[in-house]
Structures are given as structure tokens and as C-alpha cells.
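Chain residues, written in single-letter form:
2 protein chains.
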Amino acid sequence: MTMAFNKTIEQIKAAISPKSWTEDENTITPHLVDRRGKLQGRAPFMAMPNSSLEAQKIIQICAENETAFAPQGGNTGLVGGSTAGLNTDEILISMKRMNAIAEVDAAGFTLTAEAGAILATVQDAAQSHDRLFPLSLASQGSCTVGGIISTNAGGIHVMRYGTTRHLVLGLEAVMPNGQLWNGLSPLVKDNTGYDLKSLLVGAEGTLGLVTKATLKLFPRPKAMVTAWLCAKSIHHVMDCFSAARESLGGAINAYEIMTDTGLSFAVNHMPQCRAPLSGNYPWHILLEVSGDSDSRIMNQLEILFSDLLERDIIQDGTIAQSGKASADLWSLREALSEAQISEGVSVKHDISLPVGKLADFVHTVLPELNKKFPGIRPVPFGHAGDGNLHFNLSQPKAGDKKAFLKAAPLLSAYIYEMVNKYGGSFSAEHGIGTIKKSELVSYKDKAALAAMRAIKKALDPENISNPGRVLDI
Amino acid sequence: MTMAFNKTIEQIKAAISPKSWTEDENTITPHLVDRRGKLQGRAPFMAMPNSSLEAQKIIQICAENETAFAPQGGNTGLVGGSTAGLNTDEILISMKRMNAIAEVDAAGFTLTAEAGAILATVQDAAQSHDRLFPLSLASQGSCTVGGIISTNAGGIHVMRYGTTRHLVLGLEAVMPNGQLWNGLSPLVKDNTGYDLKSLLVGAEGTLGLVTKATLKLFPRPKAMVTAWLCAKSIHHVMDCFSAARESLGGAINAYEIMTDTGLSFAVNHMPQCRAPLSGNYPWHILLEVSGDSDSRIMNQLEILFSDLLERDIIQDGTIAQSGKASADLWSLREALSEAQISEGVSVKHDISLPVGKLADFVHTVLPELNKKFPGIRPVPFGHAGDGNLHFNLSQPKAGDKKAFLKAAPLLSAYIYEMVNKYGGSFSAEHGIGTIKKSELVSYKDKAALAAMRAIKKALDPENISNPGRVLDI
Chain X
432 MTMAFNKTIE QIKAAISPKS WTEDENTITP HLVDRRGKLQ GRAPFMAMPN SSLEAQKIIQ
492 ICAENETAFA PQGGNTGLVG GSTAGLNTDE ILISMKRMNA IAEVDAAGFT LTAEAGAILA
552 TVQDAAQSHD RLFPLSLASQ GSCTVGGIIS TNAGGIHVMR YGTTRHLVLG LEAVMPNGQL
612 WNGLSPLVKD NTGYDLKSLL VGAEGTLGLV TKATLKLFPR PKAMVTAWLC AKSIHHVMDC
672 FSAARESLGG AINAYEIMTD TGLSFAVNHM PQCRAPLSGN YPWHILLEVS GDSDSRIMNQ
732 LEILFSDLLE RDIIQDGTIA QSGKASADLW SLREALSEAQ ISEGVSVKHD ISLPVGKLAD
792 FVHTVLPELN KKFPGIRPVP FGHAGDGNLH FNLSQPKAGD KKAFLKAAPL LSAYIYEMVN
852 KYGGSFSAEH GIGTIKKSEL VSYKDKAALA AMRAIKKALD PENISNPGRV LDI
Chain H
432 MTMAFNKTIE QIKAAISPKS WTEDENTITP HLVDRRGKLQ GRAPFMAMPN SSLEAQKIIQ
492 ICAENETAFA PQGGNTGLVG GSTAGLNTDE ILISMKRMNA IAEVDAAGFT LTAEAGAILA
552 TVQDAAQSHD RLFPLSLASQ GSCTVGGIIS TNAGGIHVMR YGTTRHLVLG LEAVMPNGQL
612 WNGLSPLVKD NTGYDLKSLL VGAEGTLGLV TKATLKLFPR PKAMVTAWLC AKSIHHVMDC
672 FSAARESLGG AINAYEIMTD TGLSFAVNHM PQCRAPLSGN YPWHILLEVS GDSDSRIMNQ
732 LEILFSDLLE RDIIQDGTIA QSGKASADLW SLREALSEAQ ISEGVSVKHD ISLPVGKLAD
792 FVHTVLPELN KKFPGIRPVP FGHAGDGNLH FNLSQPKAGD KKAFLKAAPL LSAYIYEMVN
852 KYGGSFSAEH GIGTIKKSEL VSYKDKAALA AMRAIKKALD PENISNPGRV LDI
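In order, the protein sequences belong to chains X and H.
Residue 432 is where the first sequence starts when you use this note's numbering, and the numbers rise one by one after that.
Residue 432 is where the second sequence starts when you use this note's numbering, and the numbers rise one by one after that.
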């Protein structure tokens, strides 16, 4: 630790409440390991501001001393964006104490929350006012408003409601120079200058610290129906999607897919999971539709399914007849990541593709992977409705873990090359963090990269706001 | 004209096709007056690139010589953003020759167009593929893709589909340094760095020249119904909105309002306009709802209207029973701006308010305006569903035009003060351009202004990209 770093810590201690910081190792330690357990951070000091004003004081002191800070929400990120002290001394700023829902304006369909509020708490607050906050993802029980904003989180309902960027109306943030930007606003139309809000959403903490947000709420759907379908090939899966979209219009909430391998992982390892249909089919689809009444949706789905069966696009299908049956279908989808752990080591990719090219991509890549590593078990699954696949690869059954992990970089490079060739993204929803910076340099448009660097240098000239994430300056 | 400016012109002439530039005064002149006829620009030379490559060459030459350029789409802006040469020598770049619809991907629900494509052409192209491009505004017959993007255009369907920023999936643009950024992409999820797209949307040409865009299409609603309602006060108008939203959920496409004064302007001056209801009511509402079937929507509306009548929220209402009847209702709304001209001079404000505060704002401001200028005829109208009002003020009947125009700045200052007090925006959809820069400095958050300036300087250090618009550097 440098003298400047120690000076920063002492100044922060003097500036904020004694409850708003800690040097206790036991308290800090759980904040230093990333969700996947692959990165080990370090930090002798953790600030836990209880207000925007305290957050501002902390960053002002950091700015004066040119000391780096690392914001942290629920620490559920998957790319090392919130692991403090990996490369340099950093003031870890945990937002967990700023977790209030400041206001729910049911009539105005908005909710204002502090950055440390848990996503599930936001969903519940909206629901208790008969409103919907539609963002939904695996870590919703622990991820925070600041985290979903800084990573532009996606999840299962993006095709209907958009990513986090579409759900944020206003922001409050401390800029890297220590200025507090009050951009909290419920305004739908406001053309007074550049869209700073969208810039901070997805900036992964590198352009300042988000402290509060005004979020957009929606009417709660009166009815929601879940169904499960099976298909012979990925092309049939995507043909089914086109047909469903054509027939149901904007009523589709989620269109999730998985392979038979993925389904068998879930069924074999998770006690709560049972196969929804008896036959063996290579591809499975989970479809969620909302509307005015269950019976009306079911009726529409039955018409759609008989058409799809007749046209040989799907092989079988079932509509959940109860909330329990619906939850059972979702549990298959949600159990997949955890179930995969029991099948040995795996390599993960969070990619997206133009929806119209997803089938061709999968059809081309799967056999090539098997050539490159015989016995490999690809487990692509995810949000096919918005082109986003979690393209995970499991090692061959009872195979050599080390050999598989050794081959992993080449397999990943092949996948990213193909993603690029098909016009897709190598990071659909997880972001860049510390672990995907080299892919960013390889695949991002050069003019865009230059503009990003210029913006980072302009807003954070001393590179103190979550440095080493997204861009190396 | 400086030598550098002349040099730039000669270099551009040598670099692009002879059809891609002109010095003919008759050709250039119509491009130099703004839509409202209030600003007179000047430009001895106009570039009309036929490709992104030519656009890039032009800007590379401008960048080398530190010569300013002024992009222009349909020249329908209302804040002087596209009037060339007001303060400095500028290369006028008309995008009108880059007007192709490059691709409609109906299955993928996207459309890619060049920047000079007319909005109505985009709407038609979508419709011919049984898709909807929902952005709709008065100037759609002449405004362009590049223009709606650079101004983040809004219009009548924002409450359902969002502003232009929500409808752009990908962009191609020439950055002020001459680099061509290829950000064209149909991807819904792509978390690979800062959101440059949202930054260029609404930047009014100050951060580069938009050359192409991939836009988001939607399913065409199977049915659409228009209705007209009358209410006793602005509070009833907004109570009606809450009730309609509660009852119809996300099915409301548009919720437009006007006063009896506005309605009488339209009826008195526009031959196609007739009052839709016989009684006299101070406030009028145009409601557009879409869904699966006309009969189903009408049924829902009838239930809603009888509830609203019973609760004394509305006084009367009528549902258009045909496409013609629906068009008649819309013609009242659309005729308002033009009809106002026949009533003498007026002062216009394009404001937005939090939806929950709109009624209080109007209720407070209207009587004060009458105190400040007795006889004044305020004609607020517009998109109440998203909080956006065109808060126009007409002179007293047969009053002194000069006296009214002399008082205008004070009346505007009062309105903007009150908008600020109620948490609103002084420019909801028209932008800043050259004429609202002082309001931006007065009302914009200081940290946001500092960040905007830093971004402008970072991306356009020589201040050549549409200089003097949005920010004075």
C-alpha cells in the first residue's frame, strides 16, 4: 500500500460515519471472492456509504488523492467487474447499506430505489402496488439495482421488456471527479442533451458510481401461461419461434431453449426436476405468454400448437395447467447451470446472435466442436427469443478434466470467431469486466473502441473509477 | 470565407463524385431556411454524399482542415439544429441522396436504412412486410432516419413504443475524427462496452454524422380503435388517463389532449375539421387503443367509458366506428398547429412533466398566465400519456401582436421556471439546437453539463461536428 492510499483511507474514515466503513477482515473477506470463485481480490478497507452524500465524500477524497475505487453491489457478476484490488490498491465501496426503496409511484408507473436495493425487493415492491418490474434473472435474490444498471443486466424477459437500459428512466451517480449528478427523473421525454443515463448503464462502474435510480414499472399481466415444446433440430426451434411470434405478436414474455443433453443434466442431478414429455427429442423450448385471461391464451396456444404439429415444426408439446406445473417447467431451465457442475468441468460463453442467424450458427458450430474435441458435450441454452445463448461446453463423460481445460482457450477462440463471423456478440449480457478485455480489443469495431477510450479519459482522466475493467487505458 | 474553408471545398470536390456536391445557389437556398422560417443560414457549397464512404471522405477532409460541417436530413427541426453557417463557415452535408431502405428482415423484425431515408418510406416499407415501425410525427413525410435519430424524435406513440432511442438497434456513423464506426447490428443483447448508439441518438449531429441505422420493427396490431372524450378539468383528464391505463394496460397507443380553445381553432380554420361532440367542454382527449379485434377493444372501451361517466371523470365520449371516423378525430389533433397560425402570433414551448404532476402544473400555470398577460389564449395540447405538452400561447384575440411578442420572453421564462419546479423538461422532444442553449445552461444539472462538455471535447476536440448546437464549447 502506498502512502497516498493510506492517506485516502484515513481521510474517508474522518469524513463519514463510523458505521460506514470497516477494516475488519472477517467482514471484508466475503466481498473479495467473485461469484464463480475464480478470482481472489484484496482490500484492507471497505466503505459502506449510507447516503449519496457519503458516497460523494468518499469519491471526492479518492479523486483528490488519485486513489482508485471499486464499487460493489451484490457481487454476482461473472466477469470480475466487482472484484477489488486485483491489479492495484482500491477503495472497495459496498453499496449494501443504501438499499431503500425510496418511492413507488403506482399511478406514474415508476419506482425509485437506492443502488444497494436487491432486485427481488424491487420486484416485490412493484408487485405490492399491483405493478410489474419485469427484469428477471438467476441472481435476483442477491444482485442489486446498482449492479443491474452497471452491467445492463438482461435475463429472461428482454424480448418483451428490453434490457436494464430500457427500464431506467433516471439516475443519480457520483461522477469520477466527485460531482454528484442528479439525473433522477421519471420523464419519458427529455431531449436536453446527451444521454448520460444510457452511457452509465453498462459502464461497469468505470464512469462513476451509481447511487440511485428511477425505474420504469409496467401493468401486471392479468394472466400468464407456460408451455413446453420439443423439436427435431435448431432450425425447427427457430421456425417455431417465428411462427409463435407471428401468431402471438408481442404477447411472448420468454422463449427459452435447451438441448436434450441439458435436460438430462437437470433431470439426473436435480431432485425437483422431471422431464415434461415422455419422448426423446434433441431440442426443448420453454414458452411463456401473457395476456388477459388464462383460458384465452391457452386457446391461442392450442391453435398454434396444432398448426406447428401439422407442419412438422414441433414434435410434441404441453401447456402447464397450474401455477405449480408452470413452476416445474421453469425449474428445469433454472436448474441447468447448477446441474452442469455435477457433470465435470465446463467452459462457458455468453453469446448473442442475430435471431435470424442463430439456427445456422448452432447447426454449423456443434459438429465442428465435436471434431475439435471428440466426446465434448455442448450444452447451449438460454434466451433464444432475443438471440442470447449461454453456449456452455461440458467435458466428455468421465474424460480427462485437465485435457479439456487445456483445450478450452482454443474452443473459446473458435466460438468467438464464429460468433463474430455471424454478426453476433461475444458478451451478450455478462459484460467485459476484467476477463473479457482481450476479446473486446479483438472484436470491437476500432472506431467504437477509440470513442470508448476517449470518453473514459474525458470523464475519468486519472483512471480511478473501477480501473482495469472494460478498458485498459 | 477563409482559405482553409476554400481548401476544404476544393479537396471535397476532388474526392467525391461530381453528382455528390453542388455550388448552385438555387439548389442550396431551400436548404438554408429552417422549418419555422425564422433562421436564415448560409453556405456556398453543399455536399450530398451517395455512400458512407463518400460521407467519410468529406468528414476526413473537414477533420484535416479543421473545417466545420453541418449535417442535414429533412430540415424539419424546430430548434435551428440543421441551419448551416449561422455562426461560422460550415460544409453543409445533405443526406438526401443516401435514402435507400437497405434491408427489411421481417422474420427478425428489423429494418436497415440509410440516413436520408424518409420516415414515411420506412413506415411503408415495414407495412409492406406486415410489420410496424411505430414512430409517428407531424413531419413524417419529409423528416429522415438520420434526423429522427439525431434528435431522438418522439411523437404520438412514445408511451407505447418509446422514443427513437428505443427503436434503434444499431448505427453506422462517421465520427468527427473521420473514422467510420460500423455499429450496424440487429442484436438485442450486446454488452461489449459503452453505449455509443444511445450517445449519438439525440446528439443533434454534434458527435458525428449518422449514415445508416438498423431499426426495430414490431408486429402490426390486428385492430386499432380511436375514441374522443371530454372532461371538465385537467385533473379529470389525468384521472381518466390513470383509469384507462389501469383498465387497458399496455394496449394504449396514444393519449392526446387539447383544450376547447385549441379545438375551436381547428374547427374554425380547417375545412376538414368538425367537433366530434355537441356539448361544450374545457378539455378533450383523443385515445387510441390497439389489440386483437375491433369488437373486443370497443367492448372494453364501452365498459371503461360507462365507469368513467358514472364516476364523473368524463362528461361525454364517442368511439370511432370506422377508419374514416378515426381519421377525422386524428385530423383535429393534427390540424391544431396550422390552425393556430390563423389566430395571430404565438409563442411555443415543448415541455414534459412527470405524468403525476402534469395536472397540477397546468392548473397552476394557466391562471397565472392570464394574470401576466390578460386575454392571452394558452393552447396546451399534445402527448399527455407521456407527460409531453406543446404548451403554445396565442395572442389575445384581435390584440397587439408586437406587445405580445415583446412579453413572450418573460412568459417563456415563467413557464420554464415552473417546468423546472415541477421536475419537468424544457425540451421534451425538439432538442436544444441553437435556440435553447441558454435554457440548457440554466436548467441542466451542473455535473451533467460538465460531463457533456467533456464528452464533446473528447470526441470532437476541434469542434467541427455541427458546432454551436447543443453546447457552446
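Fair warning: there could be bad hints in the mix.
All copies of an identical chain are treated as equivalent in the list; a pair is satisfied when it fits inside any one copy or across any two copies.
As the list claims (entries may be wrong) - With a Cα cut of at most 27 Å, we get these calculated BS3-like pairs of lysine-lysine:
no.: 1; residue 1: 868; residue 2: 888
no.: 2; residue 1: 755; residue 2: 438
no.: 3; residue 1: 833; residue 2: 802
no.: 4; residue 1: 788; residue 2: 868
no.: 5; residue 1: 779; residue 2: 888
no.: 6; residue 1: 527; residue 2: 828
no.: 7; residue 1: 888; residue 2: 837
no.: 8; residue 1: 888; residue 2: 875
no.: 9; residue 1: 779; residue 2: 833
no.: 10; residue 1: 833; residue 2: 788
no.: 11; residue 1: 469; residue 2: 837
no.: 12; residue 1: 444; residue 2: 832
no.: 13; residue 1: 469; residue 2: 833
no.: 14; residue 1: 438; residue 2: 663
no.: 15; residue 1: 837; residue 2: 755
no.: 16; residue 1: 802; residue 2: 779
no.: 17; residue 1: 837; residue 2: 444
no.: 18; residue 1: 888; residue 2: 877
It is worth saying that the hints were derived from the structure and are not from the lab.
Now for the hints, and whether the structure bears them out:
In the homo-oligomer, the alpha carbons of residue 868 and residue 888 lie at most 27 Å apart both inside one protomer (17 Å) and across protomers (26 Å), since each shortest distance falls under that limit. With identical chains, the CA atoms of residue 755 and residue 438 are never at most 27 Å apart, being 57 Å at best within one copy and 74 Å at best between copies. Proximity of residue 833 to residue 802 under the C-alpha cut-off of 27 Å is restricted to the intra-copy arrangement: shortest distance 18 Å within a copy versus 82 Å between copies. Taking the closest pair of Cα atoms, residue 788 and residue 868 come within 27 Å of each other only inside a single copy of the chain (26 Å); across copies the shortest separation is 45 Å, beyond that limit.
With identical chains, the CA atoms of residue 779 and residue 888 are never at most 27 Å apart, being 32 Å at best within one copy and 39 Å at best between copies. In this assembly of identical chains, residue 527 and residue 828 lie within 27 Å of each other by CA distance neither inside one copy nor across copies; the values are 41 Å within and 60 Å between. Proximity of residue 888 and residue 837 under a CA criterion of 27 Å is satisfied in neither setting, with 37 Å inside one chain copy and 46 Å between copies. In this assembly of identical chains, the alpha carbons of residue 888 and residue 875 lie at most 27 Å apart whether taken from the same copy (18 Å) or from different copies (23 Å).
Taking CA atoms no more than 27 Å apart as the test, residue 779 paired with residue 833 passes inside one copy only; the shortest distance there is 16 Å, against 71 Å between copies. Taking the shortest alpha-carbon separations for residue 833 and residue 788, neither the intra-copy value of 33 Å nor the inter-copy value of 63 Å comes in at or below 27 Å. Taking identical chains as interchangeable, the C-alpha atoms of residue 469 and residue 837 lie at most 27 Å apart only when both belong to the same chain, with a minimum of 16 Å there against 69 Å between chains. Taking the closest pair of Cα atoms, residue 444 and residue 832 never come within 27 Å of each other, the shortest separation being 47 Å inside a single copy and 64 Å across copies.
With identical chains, the CA atoms of residue 469 and residue 833 are at most 27 Å apart within one copy only, with a shortest distance of 16 Å there and 73 Å across copies. In the homo-oligomer, the alpha carbons of residue 438 and residue 663 never lie at most 27 Å apart, since the shortest distance is 64 Å inside one protomer and 65 Å across protomers. Neither within a single protomer nor between protomers do residue 837 and residue 755 lie at most 27 Å apart by alpha-carbon distance, with minima of 43 Å and 69 Å respectively. Only within a single protomer do residue 802 and residue 779 lie at most 27 Å apart by alpha-carbon distance; the minimum there is 19 Å, versus 68 Å between protomers.
For the identical chains of this complex, residue 837 and residue 444 are neighbours neither inside a copy (46 Å) nor across copies (57 Å), given an alpha-carbon limit of 27 Å. For a Cα distance limit of 27 Å, the shortest separation of residue 888 from residue 877 qualifies both inside one copy, at 17 Å, and across copies, at 19 Å.
In terms of the numbered hints stated before, the structure departs from hints 2, 5, 6, 7, 10, 12, 14, 15 and 17, listed from lowest to highest.
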